[in-house]
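If you're matching them up, the sequences are chains A and B in order.
Take any residue in the first sequence, note its place counting from 1, add 335, and you have its number in the numbering used here.
Take any residue in the second sequence, note its place counting from 1, add 335, and you have its number in the numbering used here.
Hints listed in this document are in silico derivations from the structure and should not be mistaken for laboratory results.
No experiment lies behind these values; they were computed from the predicted model shown.
A virtual CB, placed ideally from N, CA and C, is assigned to each residue, including glycine.
It is possible that part of the hints are untrue.
Claimed, not checked - Examples of chain B residues toward chain A, derived with CB under 7 Å:
#, residue
1, V487
2, C531
3, V533
There are 2 protein chains.
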Amino acid sequence: MTTRRTAVRTAILAKQVTASMTATRAFAAVAPGHGISMKTPVPGPETMKLTEKLKVQGGMGGATAFFGDYAASTGCYIVDADGNRMLDMFSQIASLPLGYNHPALQKVVDNDPLLGTFAHSRAALGFVPPKELPDLLDDTFLKVAPKGLTRVQPMLCGSSANENVFKAAFFRMRAMQREAQGRGITDFSEEEMTSCMVNQAPGCTNDLSIMSFSGGFHGRTLGALSCTHSKEIHKIDVPAFDWPTAPFPRLKYPLAENSEYNKAEEKRCLDEVRRIFQTRKDEGRPVAAAIVEPVLSEGGDLHASADFFKGIQKACKDFNSAFVVDEVQTGVVVSGHMWAHEAWGLEESPDFVCFSKKALVGGYYYKDEFQPPGGARVYNTWMGDATKILFFKAVLETIEKEGLQKTVKEVTQKLNSILVKAASSHPQYVSNIRGQGTIMAFDAETPALRDQLFAQLRNNGVLVGVNGTQSIRFRPALIFNSDHVSEFEGVFQSTLKQLAAK
Amino acid sequence: MTTRRTAVRTAILAKQVTASMTATRAFAAVAPGHGISMKTPVPGPETMKLTEKLKVQGGMGGATAFFGDYAASTGCYIVDADGNRMLDMFSQIASLPLGYNHPALQKVVDNDPLLGTFAHSRAALGFVPPKELPDLLDDTFLKVAPKGLTRVQPMLCGSSANENVFKAAFFRMRAMQREAQGRGITDFSEEEMTSCMVNQAPGCTNDLSIMSFSGGFHGRTLGALSCTHSKEIHKIDVPAFDWPTAPFPRLKYPLAENSEYNKAEEKRCLDEVRRIFQTRKDEGRPVAAAIVEPVLSEGGDLHASADFFKGIQKACKDFNSAFVVDEVQTGVVVSGHMWAHEAWGLEESPDFVCFSKKALVGGYYYKDEFQPPGGARVYNTWMGDATKILFFKAVLETIEKEGLQKTVKEVTQKLNSILVKAASSHPQYVSNIRGQGTIMAFDAETPALRDQLFAQLRNNGVLVGVNGTQSIRFRPALIFNSDHVSEFEGVFQSTLKQLAAK
Numbered sequence: 336m337t338t339r340r341t342a343v344r345t346a347i348l349a350k351q352v353t354a355s356m357t358a359t360r361a362f363a364a365v366a367p368g369h370g371i372s373m374k375t376p377v378p379g380p381e382t383m384k385l386t387e388k389l390k391v392q393g394g395m396g397g398a399t400a401f402f403g404d405y406a407a408s409t410g411c412y413i414v415d416a417d418g419n420r421m422l423d424m425f426s427q428i429a430s431l432p433l434g435y436n437h438p439a440l441q442k443v444v445d446n447d448p449l450l451g452t453f454a455h456s457r458a459a460l461g462f463v464p465p466k467e468l469p470d471l472l473d474d475t476f477l478k479v480a481p482k483g484l485t486r487v488q489p490m491l492c493g494s495s496a497n498e499n500v501f502k503a504a505f506f507r508m509r510a511m512q513r514e515a516q517g518r519g520i521t522d523f524s525e526e527e528m529t530s531c532m533v534n535q536a537p538g539c540t541n542d543l544s545i546m547s548f549s550g551g552f553h554g555r556t557l558g559a560l561s562c563t564h565s566k567e568i569h570k571i572d573v574p575a576f577d578w579p580t581a582p583f584p585r586l587k588y589p590l591a592e593n594s595e596y597n598k599a600e601e602k603r604c605l606d607e608v609r610r611i612f613q614t615r616k617d618e619g620r621p622v623a624a625a626i627v628e629p630v631l632s633e634g635g636d637l638h639a640s641a642d643f644f645k646g647i648q649k650a651c652k653d654f655n656s657a658f659v660v661d662e663v664q665t666g667v668v669v670s671g672h673m674w675a676h677e678a679w680g681l682e683e684s685p686d687f688v689c690f691s692k693k694a695l696v697g698g699y700y701y702k703d704e705f706q707p708p709g710g711a712r713v714y715n716t717w718m719g720d721a722t723k724i725l726f727f728k729a730v731l732e733t734i735e736k737e738g739l740q741k742t743v744k745e746v747t748q749k750l751n752s753i754l755v756k757a758a759s760s761h762p763q764y765v766s767n768i769r770g771q772g773t774i775m776a777f778d779a780e781t782p783a784l785r786d787q788l789f790a791q792l793r794n795n796g797v798l799v800g801v802n803g804t805q806s807i808r809f810r811p812a813l814i815f816n817s818d819h820v821s822e823f824e825g826v827f828q829s830t831l832k833q834l835a836a837k
Numbered sequence: 336m337t338t339r340r341t342a343v344r345t346a347i348l349a350k351q352v353t354a355s356m357t358a359t360r361a362f363a364a365v366a367p368g369h370g371i372s373m374k375t376p377v378p379g380p381e382t383m384k385l386t387e388k389l390k391v392q393g394g395m396g397g398a399t400a401f402f403g404d405y406a407a408s409t410g411c412y413i414v415d416a417d418g419n420r421m422l423d424m425f426s427q428i429a430s431l432p433l434g435y436n437h438p439a440l441q442k443v444v445d446n447d448p449l450l451g452t453f454a455h456s457r458a459a460l461g462f463v464p465p466k467e468l469p470d471l472l473d474d475t476f477l478k479v480a481p482k483g484l485t486r487v488q489p490m491l492c493g494s495s496a497n498e499n500v501f502k503a504a505f506f507r508m509r510a511m512q513r514e515a516q517g518r519g520i521t522d523f524s525e526e527e528m529t530s531c532m533v534n535q536a537p538g539c540t541n542d543l544s545i546m547s548f549s550g551g552f553h554g555r556t557l558g559a560l561s562c563t564h565s566k567e568i569h570k571i572d573v574p575a576f577d578w579p580t581a582p583f584p585r586l587k588y589p590l591a592e593n594s595e596y597n598k599a600e601e602k603r604c605l606d607e608v609r610r611i612f613q614t615r616k617d618e619g620r621p622v623a624a625a626i627v628e629p630v631l632s633e634g635g636d637l638h639a640s641a642d643f644f645k646g647i648q649k650a651c652k653d654f655n656s657a658f659v660v661d662e663v664q665t666g667v668v669v670s671g672h673m674w675a676h677e678a679w680g681l682e683e684s685p686d687f688v689c690f691s692k693k694a695l696v697g698g699y700y701y702k703d704e705f706q707p708p709g710g711a712r713v714y715n716t717w718m719g720d721a722t723k724i725l726f727f728k729a730v731l732e733t734i735e736k737e738g739l740q741k742t743v744k745e746v747t748q749k750l751n752s753i754l755v756k757a758a759s760s761h762p763q764y765v766s767n768i769r770g771q772g773t774i775m776a777f778d779a780e781t782p783a784l785r786d787q788l789f790a791q792l793r794n795n796g797v798l799v800g801v802n803g804t805q806s807i808r809f810r811p812a813l814i815f816n817s818d819h820v821s822e823f824e825g826v827f828q829s830t831l832k833q834l835a836a837k
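Bound-form chain A, shown alone (with noise of 0.2 Å):
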């Protein structure tokens, strides 16, 4: 049933793009609020216009796609301001969990007292929490912890998790130093105390460092940003720390036929990482930290096998150095598992597990011993949102119900056929298919061909995210299923026949 509404609709779609992209009803025939349909190529004229509006007071960072009507938006289908409704599968850059207005969450709006109070009577968190945050931690954070994290600290984003993360690495490894003078951890001499006041050494960690990873993201802000390493546009201009960037594995594909270079490309990061690690250390400004992503998204997708990771964490033990795995574009059972680290077996957990986007607001899990020693050192304001505690409670209750963590594993073997399919049919649109769950993506032969198949798709009624030079990657949300695998098997299709024939 499924399959023959896809065709027909492909077939309408077909008909229609090959025509024009003006305003059409050709999409009427889908059941009302739900399916694509589309009437203006995207950005459309309402979204231009609001584009000019929003230039002038700023423009938001100038780089809008399209103005969205997220009232009228339902489940995987965002509609835009000109009336479109796209099948989305990039979810507000991964940030979406449940999609758009679904019932488990508008259902907090309407009937916890709690949700209206949280949001504008604002606890600061860290000075007077409320009475609930303790419970709610239990019922969400702490409940879905990776094994062996029993701690979490609430942030406002991911950008945020990783800066505190970073000064609890600092910390740590500032600790273990006056332990082996025989001071006590926070035992700060005079200099220490007078010298961090005019950000020098030896009280700022000046000689210290945070290890990351060519391709990785970990957010924009000056010290995430010093470990950011995915696009030159990121970081040109801004200044970084002195910290050191070791190469991540670039596997080719199929894995199956590559084994042998992949492994070989896996030994020579790892070693090069060992070295970075010893040289610091031979230098007397040891590194604190390694952050890593399971996925290296923003930098275009770049996965490595779980060998590689544990290569990671063993090193970060053998110089003492915490090991951090960002989720923040990974958690939240997107990838089959609730966090995407659970894929690789450790057999001790990381030190730090970072999460924000699909978590609805940033923090991180850590082991005890990064507690910071003393309190106020990890701190300020609002040490995240409590209303968006409420809401993550009923996604995580929503993912259990709904069995959602299965779907996630039927769509992404659906979906894997189809890009396989395709890469036979249109190689130079589809090739290095990569993913791990719904985290997904291909590349295009050129940067211009990817861009191409983005936009026609786009125009087509689906959108989908881009990253690194070539590469398309998806993210839908989690109730993202098997119909609207088909809504998207036909669409994709019919715009690479489409493309095919330009």
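With chain A's structure known, arrange chain B on it following the hints.
Coordinates of chain B only, in the frame set by chain A:
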């Protein structure tokens, strides 16, 4: 009537505190839902229990004061987990504009359907802004923009506002440098492109810097923290950029009696500001911006004259540097003006004005010439939170409708009289009274006496803030009115008497 009620309450209080601080029904006489009502010392047993639980979960920064019962809190009164109802003159670290559960804000939850949608179907505001966003920006931030500033960049918090201001200032200085070399402002060289990816100059602007002031506070992420100099514990064991710290005047009070000294002190500091600009310029590593708070709040409520701030602006102009005013704690009417810097009578607006706290979400205003060249250079996933903008609209409407700017001015005078009287009767607890609007502070003779006064006031039902080494600060909500002042006066006087009798 109010005075009589206060007198009665004060009498009861005096009796209570001199007897014991255990549970009592002495305050049951107070009208239900209003007024101070203390049942236990603070922190009470229920807070103690919750603190133990929170500690195991990580402790939320390890510096909680007590747990709040936010649903039971109303107006300027916070109720804690033990049922104590305190007059809140600190407002969640100065971040609540209208106190607790204000009907105008609850109305947004009850009546605005966008609130729910914006909350649970959260936009990546820079990627797919809601179609309502341009109008919302007009009706909120831009409606109250400082004169001469027409552009606004929302962010999530004060730290991320400041971090991105720094980036915009660096972009601008590099652009000017390229122009001077006859290059296009984004004509990045090959060397810049490759070096920035590994955190090195010339791509990273490690030669440029941001000047900040001794005693200033601008946040705790690593860039913002390099400009923070309020307390050692904020900075120690964290790396910092090699950015310069200028002295901020330490004025003597009362101002009228120390005008000669203060003038010389401000000149000393301004001379040093200019010396730093000149030195760094001569060294070929110019200062891209200077950032300052109108009142250095975390550093102990340090004030300076309008001329001092004009002098900083002048120096910035002379050295082609951006003048950044951080109004995170001083903005939104608390100073008596919408923005505290409006009191300075600048001929030209600052280049950047940062906000957060009472604006409910972070962000900054900026001049046209600081528009980043090209898109996605100031960018991140969420770029703020649209729900907060809906609430901020209601806040601004309420300020106007209820004449809260006038209330602030009335309250300021009355609070000042009370402090002046107390300084004369109890100078060991109250001296160096200073303020702009309800941003008020005074010093105790020693840190220990300050801590004693703070704790006893809290046990007697008045919650104030502390800062610097021995200051107490007021940061009431904008709805704090004459009745609240009277209630405060009663508790304050009896607490001082009580402490003096010890």
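Evaluated hints:
1. V487: 5 Å, holds
2. C531: Nearest chain A Cβ about 4 Å off; hint holds.
3. V533: 5 Å, holds
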